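S.K.: Residue numbers (the numbering used here), protein chains in the order written: chain B, 1 to 158; chain U, 1 to 158; chain C, 1 to 500; chain A, 1 to 500.
Worth flagging that the hints you see were computed from the coordinates, not collected in a lab.
None of the values given here were measured: they were computed from a predicted structure.
Worth double-checking, as some hints may not be accurate.
[To be verified] Using 20 Å as the maximum straight-line C-alpha spacing, the simulated SDA-like pairs for lysine to any residue come out as follows: (1) K52(B) <-> K179(A); (2) K61(U) <-> L142(U); (3) K44(B) <-> K468(A); (4) K44(B) <-> R76(A); (5) K44(U) <-> A407(C); (6) K184(C) <-> D376(C); (7) K358(A) <-> D354(C); (8) K468(A) <-> D85(C).
[As the list claims (entries may be wrong)] A partial selection of chain U residues facing chain C, derived with a Cβ cut-off under 8 Å: (9) S22; (10) A24; (11) V27; (12) T30; (13) I31; (14) Q34; (15) G47; (16) V48; (17) Q49; (18) G74; (19) S103; (20) D107; (21) G120.
C-beta atoms are modelled at their ideal positions from N, C-alpha and C, and glycine is treated no differently.
Here is how the chains run, residue by residue.
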Amino acid sequence: MVEILGYDTHMGQTVILGVIGSDAHVVGITILEQALSAAGFDVKNLGVQTSKDEFVSAAQKHDTGAVLVSSLYGHARQDCQGLHKQLADTECDAVTYIGGNLSVGQDDWDDTREHFRELGFNRVFDAETDPSAVVSALERDLDHRTAEPETQRVRMNS
Amino acid sequence: MVEILGYDTHMGQTVILGVIGSDAHVVGITILEQALSAAGFDVKNLGVQTSKDEFVSAAQKHDTGAVLVSSLYGHARQDCQGLHKQLADTECDAVTYIGGNLSVGQDDWDDTREHFRELGFNRVFDAETDPSAVVSALERDLDHRTAEPETQRVRMNS
Amino acid sequence: MLRDERIPDEELIEVESALRERWPTGADAEFESAIAYHESLPTTKRFADALESADQPLLQPRAGVPCLDDQTELLRYLDKEGGADLLPTTIDSYTRDNEYEKAQRGLEEARESGEDTLNGFPAVNHGVEACRELVEAVDAPIEVRHGTPDARLLAIITLAGGFQSFEGGPISYNIPYTKEHDLKETIEHWQFIDRLCGAYTKRGVRINREPFGPLTGTLVPPSIAIAVMVVEGLLAATQGVRSLTLGYGQVGNVVQDVAALRALRELGEEYLPNDVVVTTVFHEWMGGFPPDEARANGVIGLGGATAALAQPDKVITKSPQEFQGVPTQEANAAGLRTTRQLIDMMAEQEIIIDGIDKEQELIERTARSLLDAVFDHGDGDVARGVVAAFNSGALDVPFAPSDSAKADVLPARDDDGRVRILQWGDLAVDQEIRDIHDARLDERARTEGRSRSFRMVADDVDAISDGKLIGRPTASESDSEESGRATDGTDTIGGEGDAD
Amino acid sequence: MLRDERIPDEELIEVESALRERWPTGADAEFESAIAYHESLPTTKRFADALESADQPLLQPRAGVPCLDDQTELLRYLDKEGGADLLPTTIDSYTRDNEYEKAQRGLEEARESGEDTLNGFPAVNHGVEACRELVEAVDAPIEVRHGTPDARLLAIITLAGGFQSFEGGPISYNIPYTKEHDLKETIEHWQFIDRLCGAYTKRGVRINREPFGPLTGTLVPPSIAIAVMVVEGLLAATQGVRSLTLGYGQVGNVVQDVAALRALRELGEEYLPNDVVVTTVFHEWMGGFPPDEARANGVIGLGGATAALAQPDKVITKSPQEFQGVPTQEANAAGLRTTRQLIDMMAEQEIIIDGIDKEQELIERTARSLLDAVFDHGDGDVARGVVAAFNSGALDVPFAPSDSAKADVLPARDDDGRVRILQWGDLAVDQEIRDIHDARLDERARTEGRSRSFRMVADDVDAISDGKLIGRPTASESDSEESGRATDGTDTIGGEGDAD
Ligand code: B12
Ligand code: B12
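Bound conformation, chain B alone (with noise of 0.2 Å):
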């Protein structure tokens, strides 16, 4: 991909990523720091435990391209609860993703989804997510700001 892009970094597009509310679960975001920055994106990783105002902060610190936001514990929807808010306050316009276990439970995945779109989410993505999928995704939306991410669908599994 890097090749065929023909350039070597996604230079000042800062990918903020951490774990949000008082959830600790940091293999997700290690795994996917590594690939992100493997791909390289300039990541910064806030890490586990990670409030709202600290993503907040810290995408208002950088040029950034891309908020995401992993959670895994089950109280996701709780947590994410007014971050879009405070993100278009500092005039943000990162795109912004959420992934990990998104809900407490079997739940229905349709209904997650739709759940975080409405909380203002770009793309929402299930555990099953594979790093790449996550590479490919960020390489769309930064680099072709112009074109619709809606209405693409950026499912590896072909």
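The hints should help you fit chains U, C and A with the ligands onto chain B, whose structure is shown.
M.R.: Only chains U, C and A with the ligands this time, still in chain B's reference frame:
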């Protein structure tokens, strides 16, 4: 039980046992034969792959208290068609039981039971049946013929 | 007269023509065009090659439904969602009895009602073209799995239909599967089938043959299963079969299962001619399953783990719905995936278990003794020896429903859960070996504070479905051992659906 | 100043009173009446006794829902339908953060909506009486399972509420569970909890304590887990704990898992005072699960098989829905029954595996070296030693999110699937041991034709959920190793739910 009832065998109470149709599952009736014999019944084990005719003529030959039909392989519905008519024709008034895996696939037990009740079986047993439950049922049905066997629930899993 | 000799060409042709007239679909099963058809198949559908070249145990489920489109869908599902490496087509019970009329009625009923009124795929009724459609519709090679004593017409049609593997054998599809079939006649019928496979083989279409190792599936002592496998292998080899998969059904004791699979491979290779490629197949537990899918998954798990340790060439998987009835495709695929996960997680681990050699030695010694008896009984002719040995009880199978076997042998587990022989009948096994078994069973009897008896056998038959390996007496049972009750009623599960 | 010394009575009482004021329910948690309450409980609810006297591994699931009636029903279900020997009550995440207000809101929401808006049972909010109702409503003993760095109020209330076992520890509930909690402070908090348990113990109510062995659950080298367990055990013993269950999370390599459990028991008994009864608990695989219940059952099956071989005193079971989220009660019970079936089928078999001693020796040697480092760092004081050792990196946990740990250590599997250390950081392990690990990992690197790197770690993290034990590169990956892509996209599963 033997002691409680005060006699040792169920004399003259022949129990006919066999696997119907072209079914060759022999293990269940082997266990049943042993349990019924140990409980004092006079068991005639016709073995596997026993035709309706063979059941009927065996029932005729003895003072038959009960005819026990086993079927495991999923063709019991077809194989039992007309059995009760034939028994009635020979004026055999033995109680009839059927047990085993009585339908093909993962069927609903209530439907299955109902079906075999309608065919004329006095009792219908599933594959989880413990031999002791069969002994108990036979003791009731054969020793107390005047009682209404239909109103007794002989569930052993209390 | 029955002899272990190759059927002459003319006789093969003659019998084949006669058989093809037994049912209208026989007409299409023309040998030369069948060869051409097999040659036209892609190499991925060569069953023998796929099996023999695999470097991990290949997984295969059982599956058969009456209609062609349903069978196609089912096999595709098991391939895609179950990840099966090899596919089956299980034949219905009427076909197994050569009752093609009944099968026809069942098939028509199934087509009309949409219900599975047969417990398998009536391949004879479907005929050659339908078989070929099936073979073409799925990616993996397919085997015919059945349980038919006289499977000659089934073989003629399915082999012409593009199947390249055929399960069964004269002992293994007679003794456990039927009451009245004469063993001598069954051997002749299977000599024909093997000869037909040999004819294909000679023309470059190597048909894989798989004797049915689990026999009655119920506590079969490994030595007996292995002796039967070798005998069936020898009979098949005589007729020109060159790809043989010898089978064995899990007994649940890990050491004994691994030892048995090694013994099977070893004796198979030793006894069979060099030009026969011998592979092995391990059947996950073939006896009574727990009436609970979660516990059934535990049984399947132990099967997968054992397969990972023993590394057979193929594993026949069970589904968590085994107890209940023919499984849904989902449950069937689940059994495949559970097994796969265990094998794949354990495959790369080196796990060396003690005592396997010793058990293997005992198994091999016993199996050899049974094989010697067969050779002796037949004055060197295996075919006649088999009949005579079963007749005398020198060779025997526990729980055999067949009149051709004495079924005097009764197995029971020892204190470690290995299957031993409790009642020998006339089995051709010397006193030294008997003493070993007796001693082991005495050890168990002591542990349980009861004497060796049929009750142990009955308890062992139920043990795995009750959640254990060894059928230990419950407290109340051993108290009241002399009371004459078969089992105590205290923890009875299941039961009767009485009207009310 | 932090010291591994018993907290004086007065201080215990003082701190306890202060803590009880933090939330209204604290008022009811009165020690003397709690003792009386425990004494009134039937012996069957004595957790420590039940565990220590068992002759087979006892099974315990994880389970916690917000409302009392639901929790009661859930535990009864797991007891009756799952056959759990010991029951859990898993606490919600807000309580773990001492955010009792948020937990209260969640609880109220749950009560109103009927939905499980919390991921566990907020025991502090429920209070002493509700806990007692729960304890009385179920037959088996119950343990508090959580993940709370400062669990003092939770302990006060739940112990007064009749629970007799309390999971966690200063390292094991800090390092894997939180980012900012100071380790020194956490140790002080757990000294208080252990001291409280000690006070109960002294009065005849032997509270069982269970440090959380799996740590981050992700490829934790056994030696690290064991060192942490021993340290937490020592700290607890100082405070008067006399029933200690040391934990270990399955890594999936059978030899290593059995060796690790033996080493854990051995070192636990060696290092802990004689008056402490040491038991062990084995956690079924705690890392990422397959997103498929059938394959998850395979993972659980291997867990059950390993438990049968290693014979820990207790097994914490997983459910086939582990991947997806908090399991339904049915799935939770299914995990118990699958595990039970495997253990019961294997329990009576003697399966002796080679090479366990050697692996155990390596584990023990490494764990001793880490323990020595802790003692050295604290000049003989374990409490101070722990803080200093984590600070220097002499003791470290892979994937630790906590600022108190360096998390410089990175594990990877060797060619046999055993967890080795790829990146050592400042771990207090001598060169000889490092060389052994290096050699094993080099062997793997050679097998895979790639160099040792973080990619191995990432591949290993996903391996079990992808259906394997070792994260081998796929064909295309090793081809394009230098291309800079983290993984190739060819066999990606799952993904994104994009709007359209
Ligand atoms: C390991 C683990 C733990 C470890 C975590 C150690 C650590 N600090 O990281 C321990 C044991 C400490 C733990 C604790 C808890 N856990 Co936990 N844990 C797991 C487990 C088994 C694996 C998670 C993991 O590491 N996976 C491997 C990584 C590589 O995958 P991942 O995290 O899913 O990340 C990938 C994708 O999700 C995606 N992704 C993730 N985030 C994002 C974000 C974006 C923007 C994108 C695009 C993609 C993306 O890409 C990642 C890389 O491929 C899961 C179950 C499972 N999945 O099998 C439960 C699980 C997540 N845990 C759970 C729970 C409830 C807890 C606890 C609250 C309760 C408890 N039982 O103790 C505590 C929470 C503690 C806390 N404060 O957070 C639940 C969540 C329930 C729910 N959502 O309904 C799960 C699902 C288990 C279950 N079935 O109950 N856990
Ligand atoms: C062992 C076995 C075999 C052995 C049988 C050896 C033999 N000759 O006995 C072999 C491998 C040969 C075999 C063959 C077949 N089998 Co089979 N077999 C089983 C298995 C695994 C165990 C049966 C058993 O022995 N149980 C132990 C005994 C003690 O229990 P039981 O037989 O259920 O009997 C007890 C109760 O049912 C009850 N009972 C039984 N009969 C009666 C009668 C009365 C009156 C009463 C009161 C009680 C009662 O009491 C008994 C004692 O407790 C079952 C699945 C299972 N249950 O786990 C499948 C099963 C019965 N077989 C099945 C099938 C389809 C076949 C085959 C048609 C196909 C095939 N795959 O080859 C052939 C049939 C061959 C033939 N002609 O009959 C299906 C039946 C499907 C259905 N009903 O929907 C099952 C359920 C497997 C499955 N899930 O697909 N099988």
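S.K.: Take the hints in turn and mark each one as holding or not.
M.R.: Quick rundown of the hints versus the structure:
Between the alpha carbons of K52(B) and K179(A) the distance comes to roughly 16 Å, so the proposed pair stays at or under 20 Å and holds. A distance of roughly 18 Å separates the Cα atoms of K61(U) and L142(U); the hinted pair therefore holds under the 20 Å criterion. The straight-line distance between the Cα atoms of K44(B) and K468(A) is roughly 32 Å, outside the 20 Å bound, and the hint therefore fails. Restraint check for K44(B) and R76(A): not satisfied, since their Cα atoms lie roughly 47 Å apart, outside the 20 Å limit.
Note on K44(U) and A407(C): the hinted pairing holds, with a Cα-Cα distance of about 18 Å set against a maximum of 20 Å. Restraint check for K184(C) and D376(C): satisfied, since their Cα atoms lie roughly 17 Å apart, inside the 20 Å limit. Taken as a hint, the K358(A) and D354(C) pair is honoured in the structure, with Cα atoms around 16 Å apart against an allowance of 20 Å. At most 20 Å may separate the alpha-carbon atoms for a hinted pair to count; K468(A) and D85(C) meet this at roughly 17 Å.
Because the smallest distance between the Cβ of S22(U) and any Cβ of chain C comes to about 5 Å, under 8 Å, the interface hint for this residue holds. Interface restraint check: A24(U) against chain C, minimum CB-CB distance 5 Å, threshold 8 Å, status holds. Taking 8 Å as the C-beta contact cut-off toward chain C, the hint placing V27(U) at the interface holds, the least distance being around 5 Å. A distance limit of 8 Å between C-beta atoms decides the matter here; for T30(U) the minimum to chain C is near 6 Å, and the interface restraint holds.
Hint status for I31(U): holds, given a least beta-carbon distance of 5 Å to chain C, under 8 Å. Proximity of Q34(U) to chain C holds as hinted, the smallest CB-CB distance being about 6 Å (cut-off 8 Å). At about 6 Å, the closest approach between the beta carbon of G47(U) and any beta carbon in chain C falls short of 8 Å, and the interface hint on this residue holds. Because the beta carbon of V48(U) sits about 4 Å from the nearest beta carbon in chain C, less than 8 Å, this interface hint is met.
At a threshold of 8 Å, the smallest CB-CB gap from Q49(U) to chain C is about 4 Å, leaving the interface hint in force. Among the interface hints, the one on G74(U) holds; its C-beta lies about 4 Å from the nearest C-beta in chain C, closer than the 8 Å criterion. Here the hint on S103(U) is kept, as its CB sits about 7 Å from the closest CB of chain C, short of 8 Å. The interface hint given for D107(U) is met, as the beta carbon of that residue sits about 7 Å from the closest beta carbon of chain C, less than 8 Å.
The interface hint given for G120(U) is violated, since its Cβ lies 11 Å from the closest Cβ of chain C, which is over the 8 Å cut-off.
In summary, the structure is inconsistent with hints 3, 4 and 21 from the numbered list given earlier, while agreeing with the others.
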